[in-house]
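Number of protein chains: 2
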Amino acid sequence: MLTIAVDAMGGDNAPACVIEGTVQALQESGNRFEIVLIGQSDKVEPLLAQHDVSSLNLRFLHAPEVVTMEDVPAIAVKTKQQSSLVKGLQLCKAKKAHAFVSAGNTGAQMAASLFILGRIPGVLRPTIYAYFPRLGEGLTNIVDVGANMDCKPENLVQFAEMLTIYQRYGAGIEKPLTGLLNIGEEEGKGSETLKQAYKLLKNAHDKGKIDFIGNIEGHDILKGHATIVVCDGLVGNTILKFGESIPQFLGTQLKQSMEKLLASGQMDQSAAKITSGMFKDMFEPFDVEKFGGVPFLGVDGISIVGHGRSTSRAIKNMIYMAEHMIEKRVNEHIAEVLTEE
Amino acid sequence: MLTIAVDAMGGDNAPACVIEGTVQALQESGNRFEIVLIGQSDKVEPLLAQHDVSSLNLRFLHAPEVVTMEDVPAIAVKTKQQSSLVKGLQLCKAKKAHAFVSAGNTGAQMAASLFILGRIPGVLRPTIYAYFPRLGEGLTNIVDVGANMDCKPENLVQFAEMLTIYQRYGAGIEKPLTGLLNIGEEEGKGSETLKQAYKLLKNAHDKGKIDFIGNIEGHDILKGHATIVVCDGLVGNTILKFGESIPQFLGTQLKQSMEKLLASGQMDQSAAKITSGMFKDMFEPFDVEKFGGVPFLGVDGISIVGHGRSTSRAIKNMIYMAEHMIEKRVNEHIAEVLTEE
Numbered sequence: 015m016l017t018i019a020v021d022a023m024g025g026d027n028a029p030a031c032v033i034e035g036t037v038q039a040l041q042e043s044g045n046r047f048e049i050v051l052i053g054q055s056d057k058v059e060p061l062l063a064q065h066d067v068s069s070l071n072l073r074f075l076h077a078p079e080v081v082t083m084e085d086v087p088a089i090a091v092k093t094k095q096q097s098s099l100v101k102g103l104q105l106c107k108a109k110k111a112h113a114f115v116s117a118g119n120t121g122a123q124m125a126a127s128l129f130i131l132g133r134i135p136g137v138l139r140p141t142i143y144a145y146f147p148r149l150g151e152g153l154t155n156i157v158d159v160g161a162n163m164d165c166k167p168e169n170l171v172q173f174a175e176m177l178t179i180y181q182r183y184g185a186g187i188e189k190p191l192t193g194l195l196n197i198g199e200e201e202g203k204g205s206e207t208l209k210q211a212y213k214l215l216k217n218a219h220d221k222g223k224i225d226f227i228g229n230i231e232g233h234d235i236l237k238g239h240a241t242i243v244v245c246d247g248l249v250g251n252t253i254l255k256f257g258e259s260i261p262q263f264l265g266t267q268l269k270q271s272m273e274k275l276l277a278s279g280q281m282d283q284s285a286a287k288i289t290s291g292m293f294k295d296m297f298e299p300f301d302v303e304k305f306g307g308v309p310f311l312g313v314d315g316i317s318i319v320g321h322g323r324s325t326s327r328a329i330k331n332m333i334y335m336a337e338h339m340i341e342k343r344v345n346e347h348i349a350e351v352l353t354e355e
Numbered sequence: 015m016l017t018i019a020v021d022a023m024g025g026d027n028a029p030a031c032v033i034e035g036t037v038q039a040l041q042e043s044g045n046r047f048e049i050v051l052i053g054q055s056d057k058v059e060p061l062l063a064q065h066d067v068s069s070l071n072l073r074f075l076h077a078p079e080v081v082t083m084e085d086v087p088a089i090a091v092k093t094k095q096q097s098s099l100v101k102g103l104q105l106c107k108a109k110k111a112h113a114f115v116s117a118g119n120t121g122a123q124m125a126a127s128l129f130i131l132g133r134i135p136g137v138l139r140p141t142i143y144a145y146f147p148r149l150g151e152g153l154t155n156i157v158d159v160g161a162n163m164d165c166k167p168e169n170l171v172q173f174a175e176m177l178t179i180y181q182r183y184g185a186g187i188e189k190p191l192t193g194l195l196n197i198g199e200e201e202g203k204g205s206e207t208l209k210q211a212y213k214l215l216k217n218a219h220d221k222g223k224i225d226f227i228g229n230i231e232g233h234d235i236l237k238g239h240a241t242i243v244v245c246d247g248l249v250g251n252t253i254l255k256f257g258e259s260i261p262q263f264l265g266t267q268l269k270q271s272m273e274k275l276l277a278s279g280q281m282d283q284s285a286a287k288i289t290s291g292m293f294k295d296m297f298e299p300f301d302v303e304k305f306g307g308v309p310f311l312g313v314d315g316i317s318i319v320g321h322g323r324s325t326s327r328a329i330k331n332m333i334y335m336a337e338h339m340i341e342k343r344v345n346e347h348i349a350e351v352l353t354e355e
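Sequence order for the protein chains is A and B.
Under the numbering used here, the first residue of the first sequence is numbered 15, with each subsequent residue one higher.
Under the numbering used here, the first residue of the second sequence is numbered 15, with each subsequent residue one higher.
Honestly, the hints are just simulated from the structure, not real lab data.
We treat Cβ as the ideally placed atom computed from N, Cα and C, and that holds for glycine.
Incorrect hints may have been included.
Stated by the list, open to error - Interface residues of chain B toward chain A, partial, derived using beta-carbon atoms under 8 Å:
| hint | residue |
| --- | --- |
| 1 | G232 |
| 2 | L236 |
| 3 | L254 |
| 4 | E258 |
| 5 | L264 |
| 6 | L268 |
| 7 | L276 |
| 8 | T289 |
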């Protein structure tokens, strides 16, 4: 049976939401896997007592320390050895767990995952991607979204290769299409790094490692021309955070115009309710929580990172994602492809 | 009297829209300036004949060649010496016009402006910015949006300095605030280039050249914490194009949910009309056309570039912007600030 370690202390709503998500995952799946919940006993055990966990494949492991959002990643990893973050990843390293899931400090999780689990052989730099909505079915993944700055062309190509494997095996996308984010579509556009990356991506395409569709631009992301958008971490991080801020911005605009229409009597309360509902639906594709989390790609183990705002549903989905990553042997496939250069 | 050269052949709707915008600007302003309209006589003159231009300060200058959107900038500048683009900028160089306005091939206009007008003394690299909406009053400018890739720290600082001058003198913003786009707020975040840029921006702040508020992230752009957002051309270009694609994406979502509500009878036609109007208002801040265009900052002359989709209103506003740039002596102020390093 698979064992998944879950960080009870990670996220804005921890530990309550994490416990709920964990219980839901075990109940919904019929105890399909075992979960080791890791955290401070005085915080976690009283909340666990509110659930009927006797029939669940659930173990609790006490970790006296907590890595907070304010902790500096590289320092936290070294000084907080008794934290749920470090203990969870050590379980993976010792093969006592198959995967680790957390909605805590992303930088610290990245640093700890690298430090404790190491890299898959052949991987130059592990990476993180993010989900983006698109016109039509499915989702687009953007990689990298902040783990790597100043990416070299060979880094960008590996990101595409790793995400292609994840999409093929983990997400069941038969033919993931990779686009290189650039300032124009034509070959030869952009910086020297991008020009070189274009050549290497074409080369990877010719070897059958990826399906490369060429350069794409900012306006192509939501159109969904590519399922994989490759870029430097600064670009990806900016687009990700910019995208996340759009619902709030437009929501403020909408509220103002709705209040005017209500005040002038042009709109009644029931119409306002329908309109608000439509608005909510419209932004549903930008709801990051429903995606759960993402695995660090390239780490020699399974470490899934969630948004700080993760709800219990997000935690549950992250646990399922961990299970999926293990069963589909995504990391084994990455190792195969990256070592056959 | 000021003379403004206008490229009749630039833009998707040229020359008709350009002629209309030019006529409107002269009529509305009461012939406050003189316009030299430049283009192919067989295309422009029949359209001009449809307007009563006898009372307007308008001259026509024939240019047999046209730089198209497909032209390669560096080549077009050299081979199409008889184009409206080259002839218009040459008028500026010869002091026969004070400014040039075009909605044509942006890359070619940038290349030709640099080639013909040169740089303001002290400017390392001229740049282009773009307008972004924000919560509350005013607008945010992002610089650079595609003219410069692989920016050095000193380039980023000059972009901030030039745009600060433009906002102070050209846009009447008393205290423009500059933010450095990064992956986190804390000093010390990001690549070596960004760390160094942070230091130089702080230095420029201490000298009173800019008001630097530190690092900002993607989600701060629409919040309007800064009026000037500084970043590399790839990042700015991507955010700009991504932002432009949002109305279409969300509009498609909205249409689908509205059609469902109409079909099920939950919404009637009059409510649908009100809702459509509200959503139109909501996206109005993303309407790039109302801003007219932007000047190339750092070029030793005034060369205003518009969006290819420019309407007559956009052309008119670009002409006003040119007038404003001349009167407020923006370039003279840039030269002063950049040479007193």
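Right, here's what the structure says about each hint:
For G232(B), the shortest C-beta to C-beta distance to chain A is roughly 3 Å, which falls under 8 Å, so the interface hint holds. Among the interface hints, the one on L236(B) holds; its C-beta lies about 4 Å from the nearest C-beta in chain A, closer than the 8 Å criterion. Taking 8 Å as the C-beta contact cut-off toward chain A, the hint placing L254(B) at the interface holds, the least distance being around 7 Å. Given hint, E258(B) at the interface with chain A, holds; its Cβ is 6 Å from that chain's nearest Cβ, closer than 8 Å.
A hinted interface residue such as L264(B) counts as satisfied when its beta carbon comes closer than 8 Å to some beta carbon of chain A; here the least separation is about 5 Å, so the hint holds. A cut of 8 Å between beta carbons decides the hint on L268(B): the least distance to chain A is about 5 Å, and the hint holds. The closest approach between the C-beta of L276(B) and any C-beta of chain A is roughly 11 Å, which is over the 8 Å cut-off, so the hint fails. Proximity of T289(B) to chain A holds as hinted, the smallest CB-CB distance being about 5 Å (cut-off 8 Å).
Of the numbered hints stated above, the single one contradicted by the structure is hint 7.
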